[in-house]
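J.: So you can see what is in the structure, the chains are spelled out below.
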Amino acid sequence: MADGGMLPAWMTERPGGFEPGGPDRAVRQSALARTLLGLGRLARDTIYSEKVAARPGLMQGVDPRVKVAGVLVLLLLASLLRHWYLVLGLYLVSVAMAAAASIPAWFFMKRVWMFIPLFAAVIALPSIFNVVRDGDPLWVIWDFGGEVRLGPWSLGTSLAITQQGVRGAVMLVLRVAASVSLGVLLALTTRWNELLRALRVFHVPRLFVLILSMTYRYIFLLLAMATEMFTARASRMVGPASPREDRRFLAAGMGALLGKSHALSEEVYAAMVSRGFDGEPVTASRFRTAAADWVWLASTATLALSLLAGDRIIG
Amino acid sequence: MHIPDGYISPQTAGGLWALVVPAWYAAGYKVRRTLDARQAPLIAIGAAFTFIIMMFNIPLPGGTTGHAVGGTIVAIVIGPWAAVIAVSVALAIQALFFGDGGILALGANCFNIGFILPVTGYLTYRLIARGAAEGSARRWIAAGVGGWTGLNLAALLTAVVFGLQGELYTAADGSALYSPYGLATAIPAMMVPHLAVAGVVEAVMTSLVYIFLQRTNPALLQNYKTARAGGESRFELRPLIIGLALLLVCTPIGLLATGTAWGEWGADEVADEVGYVPEGMDRYAGAWTGLLPDYGFPAGEEGESLGEGAAETAGVVSVDAARKSAPAYLVSGVVGLALASVAALLSARFLFRGRQEGNRG
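Residue numbers (my numbering), protein chains in the order written: chain A, 11 to 325; chain B, 9 to 369.
Don't read these hints as lab results, they were simulated from the structure. Where a beta carbon is used, it is the ideal one built from N, C-alpha and C, also for glycine. A portion of the hints provided could be inaccurate.
[Said to hold, decoys possible] Counterexamples of contact, computed for chain A against chain B with all Cβ distances above 12 Å:
#1 Met21
#2 Glu157
#3 Ser164
[What the hints assert, rightly or not] As a list, the in silico DSS-like pairs of lysine-lysine whose alpha-carbon atoms are at most 27 Å apart:
#4 A:Lys120 to A:Lys61
#5 B:Lys38 to B:Lys233
#6 A:Lys270 to B:Lys233
#7 A:Lys270 to B:Lys38
The following block holds chain A by itself, in its conformation from the complex (with noise of 0.2 Å):
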């Protein structure tokens, strides 16, 4: 018998991105495929962020509240720095935090780097040149041998990159860069509720907090349920969807995990009010200080003092 004679063709074709052995290759990906990857990716890198956070480390060991401080302390420093190589050196800190941490700096790197500093460069490339912000040339690309006009708009004489852009553009990468890693650094060796709790010291709301771990459980209730959805989905596919079917399907999708949020919602609530809820939560953390976290804290202060003070003495 001939390859699918007995089926029309565009039953035998395969759904986009579920190719075996090709998973993590984004491209040529349907929607639907893509969805389901960010969500597992999602499960699997909140499983290995509680691990590095249970292993024993420097970072590990601090006090939350401590932690969230002196982080606090240094993105506030990444964001007053006026030159780009004590911003450089700020970020050096955080991979050596995130080394004596036990974190793997491959790892770490990989993580900070990938996607949001990348974008920045990419953001701030076209202000490196003349035409899009004003400076001092420092390497001319292109004389135009004249003035040219492009309607009312001037395009000045030549085409060159600038001093003043590169320098700003270096500042910004880096200084994104810096804040990422301190955030991801933060996010990598605190477990999750020990920095809910940590977020009391800082007078937010009882009851935000509440909220906040409360979403932070059933974001993974909701991942599970959106996965059984699309996996169900991708499982009875025969032939590849077009993305307007794809559409539908995802707005289906949300419809119907939105319903199924709300019913559980009523039914959490039930759940609250039988145990003795009533609208005042009750925690019963008790954090205790040790000499070491008065110590990590006097010294990142300190580097953060003598930063500033220096960026501000070179002018």
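Since the structure of chain A is provided, determine the placement of chain B on it from the hints.
T.: Below, chain B alone, put in the same frame as chain A:
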């Protein structure tokens, strides 16, 4: 549209925190009145829903994918105020646990995406759907237009925040300290793709979800209405919004006025008019320079910035300086209006609370 840390100055980030905290306060107050203890699970699960659907890849023409925010549909189902908290919580979790969106910039993201998006999306929906039957086409069209409007207003605000960095923060040598583009570049660069693509994705998905719910779960679309009916004060936003819109339209008129507003003299002007500077005024002059001194952008390190001309000549504003500081003036107007409207909202809420409790007792 999430602003990561590093793109905006700490001053801007702080300013937006100052705007979003009262918005949260208002939302919390409102939600407490309508939902009681039920609010916690509803908002939490609404936030988890927002978080998850931001991960859904929607196929776009041309083989790429985008994602929806879903702020408007959440606002329609759980109410705009609960949605403000839910979307903010989702953003906070993305920033704190997944490093997506800045931590210092969280205030800015929550104001744009968490507050402006669901509230304006919902108001647009209400405006268009007013009086339409439950299963009618006008309702899902209204939901779609609401999604488009909310997303684009949020994007516009984000673009203004980006653009201000390029205008305001420059190092001594003229290089950018934060996001390098001015308003004239940032606004079109942000708005063209949002008006044409992201806004359309949001509109289509909001409408499709709405249609799905109309067919399969119409009670869910009535959810907020039912909750509201359960004894709640009717606080009319419309007069406030119309007034603010009028004010905004009138803001450019200020550019034509010259001289100083009555009662807002600086020390030097008082000296000109009265002949001497009162001692107290001399002592406190300069203690508070305001967010945008002289309604222009603050001068940079070397006085290279835009507000310079206006600040120096105090009163005698050259045409060139006036033209240069016009965007700064307009932004000042918008920032001032935003602050004033938040203050008005809060005070109205307090007055209203007093009246309502009086009625009950």
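J.: Run every hint past the structure and note whether it holds.
T.: We went through each hint and held it up to the structure:
1. For A:Met21, the shortest C-beta to C-beta distance to chain B comes to about 21 Å, beyond the 12 Å cut-off, and the non-interface label holds.
2. Its beta-carbon lying about 20 Å from the closest one in chain B, A:Glu157 satisfies the requirement of being farther than 12 Å from that chain.
3. The Cβ of A:Ser164 sits about 14 Å from the closest Cβ of chain B, beyond the 12 Å cut-off, so the non-interface label holds.
4. Of the pairs offered as hints, the one joining A:Lys120 and A:Lys61 holds, with about 18 Å between alpha carbons and a cut-off of 27 Å not exceeded.
5. Annotation: proposed proximity of B:Lys38 to B:Lys233 holds, straight-line Cα distance about 14 Å (limit 27 Å).
6. Straight-line distance between C-alpha atoms of A:Lys270 and B:Lys233 comes to about 19 Å, which keeps the hinted pair within the 27 Å bound.
7. Pair hint A:Lys270 plus B:Lys38 holds up; C-alpha atoms about 25 Å apart against a cutoff of 27 Å.
When the structure is compared with the earlier hints, no violation turns up for any of them.
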